[in-house]
Amino acid sequence: MEFKHKKLANGLNIVAEVNKDAQSAAIGFFVKTGSRDETDKINGVSHFLEHMLFKGTDKLSTHDVNRTFDDLGAHYNAQTSEENTIYYAAILPEQLAEVTKLWCQLMRPALRDDDFNMEKNVILEEIAMYKDLPQFDVMDSCRTLHFGEHPCAKSVLGTVESIKALTSGQMREYFESRYAPNNITAAVAGNFDFEKICDCIENLCGGWKPKKAERITEYFAGTAKKEHHKRKNLNCQHICLMSPTVSYQDERAYAATLLAKIIGDDTGSRFFWELVDSAIAETAGMHCEAMDGVGAFFSYIRAESKNSPKAMQIIEKIFKSLQEEKISTAELQKAKNKVLSGITIKNEIPMGRLVELGVNWVYLGRYRPIEDEIQQIKKVTLADIQNLIEQFPLTNFTQFSIGPEK
Amino acid sequence: MPEKTDIYKLANGMTLIGVPVAAVQSAAFEFLLPAGASLTPDGCCGAPAIIEEWIFRGAGGKTSRELADLLDGLGLHRGSGVESKHISLSAALEAENLLKVIELYADIILKPTLDGQQFEYSRQLALQGLLSLEDDPRHKIMLLLKEHFYPDPLGRNTAGKQEDLQNLTAEKTKQIISENFNPSETILAVAGKYDFKELCSAIEKLFAGEKLKKTKNIKVKKQTLAHHHYPHEGAQVHIGIMTGSITPQSEDYYNARVAVAVLSGGMSSRLFTEVREKRGLCYAVGASYHSLKEIAGIGCYAGTTPDKAQETYDVIIAQFKKLADGISEQELDRAKIGLQSALIMQSESTIARAGAAATDFYMLGKVRSLEEIKQNIEKTSVKSILGYLKNNPFEKFCSVTIGPTEIKPG
Numbered sequence: 001m002e003f004k005h006k007k008l009a010n011g012l013n014i015v016a017e018v019n020k021d022a023q024s025a026a027i028g029f030f031v032k033t034g035s036r037d038e039t040d041k042i043n044g045v046s047h048f049l050e051h052m053l054f055k056g057t058d059k060l061s062t063h064d065v066n067r068t069f070d071d072l073g074a075h076y077n078a079q080t081s082e083e084n085t086i087y088y089a090a091i092l093p094e095q096l097a098e099v100t101k102l103w104c105q106l107m108r109p110a111l112r113d114d115d116f117n118m119e120k121n122v123i124l125e126e127i128a129m130y131k132d133l134p135q136f137d138v139m140d141s142c143r144t145l146h147f148g149e150h151p152c153a154k155s156v157l158g159t160v161e162s163i164k165a166l167t168s169g170q171m172r173e174y175f176e177s178r179y180a181p182n183n184i185t186a187a188v189a190g191n192f193d194f195e196k197i198c199d200c201i202e203n204l205c206g207g208w209k210p211k212k213a214e215r216i217t218e219y220f221a222g223t224a225k226k227e228h229h230k231r232k233n234l235n236c237q238h239i240c241l242m243s244p245t246v247s248y249q250d251e252r253a254y255a256a257t258l259l260a261k262i263i264g265d266d267t268g269s270r271f272f273w274e275l276v277d278s279a280i281a282e283t284a285g286m287h288c289e290a291m292d293g294v295g296a297f298f299s300y301i302r303a304e305s306k307n308s309p310k311a312m313q314i315i316e317k318i319f320k321s322l323q324e325e326k327i328s329t330a331e332l333q334k335a336k337n338k339v340l341s342g343i344t345i346k347n348e349i350p351m352g353r354l355v356e357l358g359v360n361w362v363y364l365g366r367y368r369p370i371e372d373e374i375q376q377i378k379k380v381t382l383a384d385i386q387n388l389i390e391q392f393p394l395t396n397f398t399q400f401s402i403g404p405e406k
Numbered sequence: 001m002p003e004k005t006d007i008y009k010l011a012n013g014m015t016l017i018g019v020p021v022a023a024v025q026s027a028a029f030e031f032l033l034p035a036g037a038s039l040t041p042d043g044c045c046g047a048p049a050i051i052e053e054w055i056f057r058g059a060g061g062k063t064s065r066e067l068a069d070l071l072d073g074l075g076l077h078r079g080s081g082v083e084s085k086h087i088s089l090s091a092a093l094e095a096e097n098l099l100k101v102i103e104l105y106a107d108i109i110l111k112p113t114l115d116g117q118q119f120e121y122s123r124q125l126a127l128q129g130l131l132s133l134e135d136d137p138r139h140k141i142m143l144l145l146k147e148h149f150y151p152d153p154l155g156r157n158t159a160g161k162q163e164d165l166q167n168l169t170a171e172k173t174k175q176i177i178s179e180n181f182n183p184s185e186t187i188l189a190v191a192g193k194y195d196f197k198e199l200c201s202a203i204e205k206l207f208a209g210e211k212l213k214k215t216k217n218i219k220v221k222k223q224t225l226a227h228h229h230y231p232h233e234g235a236q237v238h239i240g241i242m243t244g245s246i247t248p249q250s251e252d253y254y255n256a257r258v259a260v261a262v263l264s265g266g267m268s269s270r271l272f273t274e275v276r277e278k279r280g281l282c283y284a285v286g287a288s289y290h291s292l293k294e295i296a297g298i299g300c301y302a303g304t305t306p307d308k309a310q311e312t313y314d315v316i317i318a319q320f321k322k323l324a325d326g327i328s329e330q331e332l333d334r335a336k337i338g339l340q341s342a343l344i345m346q347s348e349s350t351i352a353r354a355g356a357a358a359t360d361f362y363m364l365g366k367v368r369s370l371e372e373i374k375q376n377i378e379k380t381s382v383k384s385i386l387g388y389l390k391n392n393p394f395e396k397f398c399s400v401t402i403g404p405t406e407i408k409p410g
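Quick mapping for you: the protein sequence lines, in order, are chains L and Y.
Just so you know, the numbering used here puts 311 at position 311 of the first sequence, and the rest follows in order with no gaps.
Just so you know, the numbering used here puts 249 at position 249 of the second sequence, and the rest follows in order with no gaps.
Just so you know, these hints were derived from the structure itself, not from any lab.
Note that the structure is predicted; figures quoted are calculated from it, not measured.
Certain hints may be false.
To be verified - Simulated pairs of lysine-lysine, BS3-like, Cα-Cα distance not exceeding 27 Å:
1. L:K230 <-> L:K310
2. Y:K211 <-> Y:K321
3. Y:K100 <-> L:K406
4. L:K20 <-> Y:K308
5. Y:K396 <-> L:K336
6. Y:K293 <-> Y:K222
7. Y:K211 <-> L:K306
8. Y:K408 <-> L:K232
9. Y:K278 <-> L:K20
10. L:K346 <-> Y:K374
11. Y:K111 <-> L:K379
12. L:K59 <-> Y:K278
13. Y:K293 <-> L:K120
14. Y:K293 <-> L:K378
15. L:K131 <-> Y:K396
16. L:K120 <-> Y:K278
17. Y:K100 <-> Y:K205
18. Y:K193 <-> L:K378
19. L:K20 <-> Y:K390
20. L:K59 <-> L:K209
21. Y:K193 <-> L:K336
22. Y:K197 <-> Y:K100
23. L:K101 <-> Y:K278
24. L:K164 <-> Y:K308
25. Y:K216 <-> Y:K161
26. L:K336 <-> Y:K100
27. Y:K161 <-> Y:K62
28. Y:K197 <-> Y:K278
29. Y:K4 <-> L:K346
30. L:K346 <-> Y:K100
31. Y:K62 <-> L:K164
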């Protein structure tokens with residue numbers, strides 16, 4: 001694999017990893033913007049705007065856009081999080097230049113009022129859909145509770161009220177302030193000609209004017225508040241726990257990832273043996289989300305109502321006992337093996353590699369070869385894990401749970 | 001890309017398939033065990049969901065914990081599932097560990113401990129799984145749709161029935177395992193980086209001792225297509241619709257696949273355009289082909305708020321029916337390109353390749369090459385697709401809704 005990088009005069013970064021053995025290629029535009037960059041008044045605009053990019057430009061109608069993607073046989077989509085909006089397409093190598101041209105054009109959308117009003121219905125449907133997915137709902141609500149006044153508390157989807165009140169003018173204003181070339185990274189992975197793709201991006205995006213697009217990245221350890229809500233349509237208890245950890249920029253993020261695997265992987269973890277193996281909880285998992293300047297451990301537990309008090313007792317015991325019942329060498333090694341084989345499998349596909357490539361550039365401003373990532377994971381020691389546990393006690397968690405009325 | 005699929009059959013009938021994937025360091029495999037939901041006796045609905053979990057709780061003299069530690073130590077990414085005819089056990093891993101892992105899976109399949117206390121835990125998990133399905137209408141509706149569309153026992157709910165799960169005993173479940181774990185109908189497909197010779201001799205050593213068993217026959221009831229509503233105080237009405245199609249053995253198979261792609265391939269396809277883009281009725285809408293060996297269907301899902309449910313249903317049905325009126329050459333081209341590029345992109349994933357090879361062999365008795373699939377998609381034409389739609393019109397539908405309000409099926 002060969003790494004390539006070019007920065008356009010207006011600040012847009014193009015990062016690429018060429019793999020001539022790949023059968024496909026993938027391209028992504030990583031815009032460093034998400035719900036944390038919104039105000040309360042326009043909450044949900046990043047995600048709504050992501051939908052609007054597919055509605056076309058001054059020269060392309062919605063149907064033109066959809067048809068062109070489909071004509072190229074592209075697998076394409078977009079996703080919005082608290083801090084990134086990512087547009088991507090996986091495609092056969094011979095079609096990469098065409099799909100790149102299309103994305104470049106779409107990055108300057110028309111944002112027509114008619115489309116805006118129609119798409120508002122789709123966004124409201126999406127909010128309703130997630131309301132019927134308690135696992136998502138509880139994690140979203142827990143994030144809001146955990147981050148309190150911090151910008152990361154904002155929901156990606158926004159609320160029914162904020163979406164209904166949002167105007168196309170507000171969206172245009174937000175677009176102007178966030179979609180500056182210096183706030184965008186184009187990443188490319190797989191089998192392709194770097195010069196050709198660069199020319200293509202430069203021709204279409206080189207004229208965009210740079211603009212200041214900043215973000216507040218204050219660290220916040222979380223509120224540690226606890227809330228339970230009853231819902232008449234639920235049958236199980238859905239519990240989400242959050243506690244602070246290191247940010248993406250912190251080298252200890254690898255240790256944090258391994259710690260989450262040791263405690264809450266879906267097989268062979270402490271959660272698994274204490275909660276799932278004995279059927280106290282149906283599901284119990286933990287993962288680490290290292291973000292821009294902040295980080296959090298997320299746990300999600302689903303259990304029958306009669307078991308949930310016991311499940312919480314066990315979790316608190318697991319968290320407390322980490323100080324005394326230290327992580328063993330075998331536990332750490334197992335976690336490393338799982339993470340390492342996951343890296344091998346994911347990176348065999350250009351689409352998997354694309355996300356790593358883009359995200360590393362957005363957060364670290366540098367390229368991280370797979371070999372480096374592997375070395376970083378291998379060199380995590382028990383002492384690193386133990387230090388992390390001491391510095392970020394898991395017992396200090398925010399809890400949001402939802403369950404049946406009876 | 002030149003490719004050569006390896007196939008090896010044991011004397012007891014078990015089939016081993018190897019699909020090489022260039023330039024990868026991983027290997028993936030999938031076992032298809034003939035012990036799916038439709039093969040369990042009446043009154044035991046859900047037994048495979050217990051079995052799929054229980055067999056991992058100790059095997060070959062190793063305790064549950066020893067076994068899990070060994071599998072995790074090898075960095076395995078594992079999955080398992082229950083389908084109509086099979087329990088599938090799959091995993092992806094770094095290629096150098098393949099033989100060690102296959103050896104452990106042979107123990108799990110052939111020598112599970114099946115301890116009584118562990119059975120109770122597996123059963124409790126299956127019961128909780130069933131309960132949590134009540135909180136997940138989008139997942140639940142797809143199980144219900146298959147249950148109502150496919151004639152019994154083919155469509156049996158893979159998550160099980162509460163009463164049956166409560167009545168099952170360890171002894172009864174052991175008996176089901178001993179009857180259904182039949183090597184003569186077991187398929188193992190491996191994809192990625194492997195040495196087929198080594199693999200064959202390992203499989204011989206591990207599985208050849210198992211005797212050939214008689215194929216189990218099931219009696220299939222008559223198919224009835226109707227509408228079913230399940231009340232649920234949620235935010236949306238979840239709509240599932242399924243109509244008949246043809247199985248992969250049919251000459252018209254590729255015509256059916258391309259027709260579904262015209263209806264619901266990419267974002268320019270008819271359902272997405274008419275339901276979401278033009279009318280803003282849904283966020284999620286899509287149709288896909290689904291097949292068992294005996295019978296196939298095209299299933300569609302849409303989720304929408306209650307006041308839009310009837311219109312959503314009506315628009316979807318109208319689009320299904322309209323397909324036979326004609327499709328354009330451009331629509332055909334887009335559908336073909338979409339299917340072909342998906343095929344090539346999936347071919348890069350060892351997990352997807354192993355799964356596809358095992359399913360192909362079960363359905364067709366052979367593994368289709370990528371080239372063969374590509375050419376067959378290419379051969380379809382507007383005429384051939386309309387011919388297929390004329391002979392297999394979308395007239396009768398099975399539908400299921402879950403939500404706060406009901407709809408009137410047309």
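Worksheet entry | Violations among the numbered hints, reported as their numbers in ascending order | 2, 3, 4, 5, 7, 9, 11, 13, 14, 15, 19, 27, 28, 31
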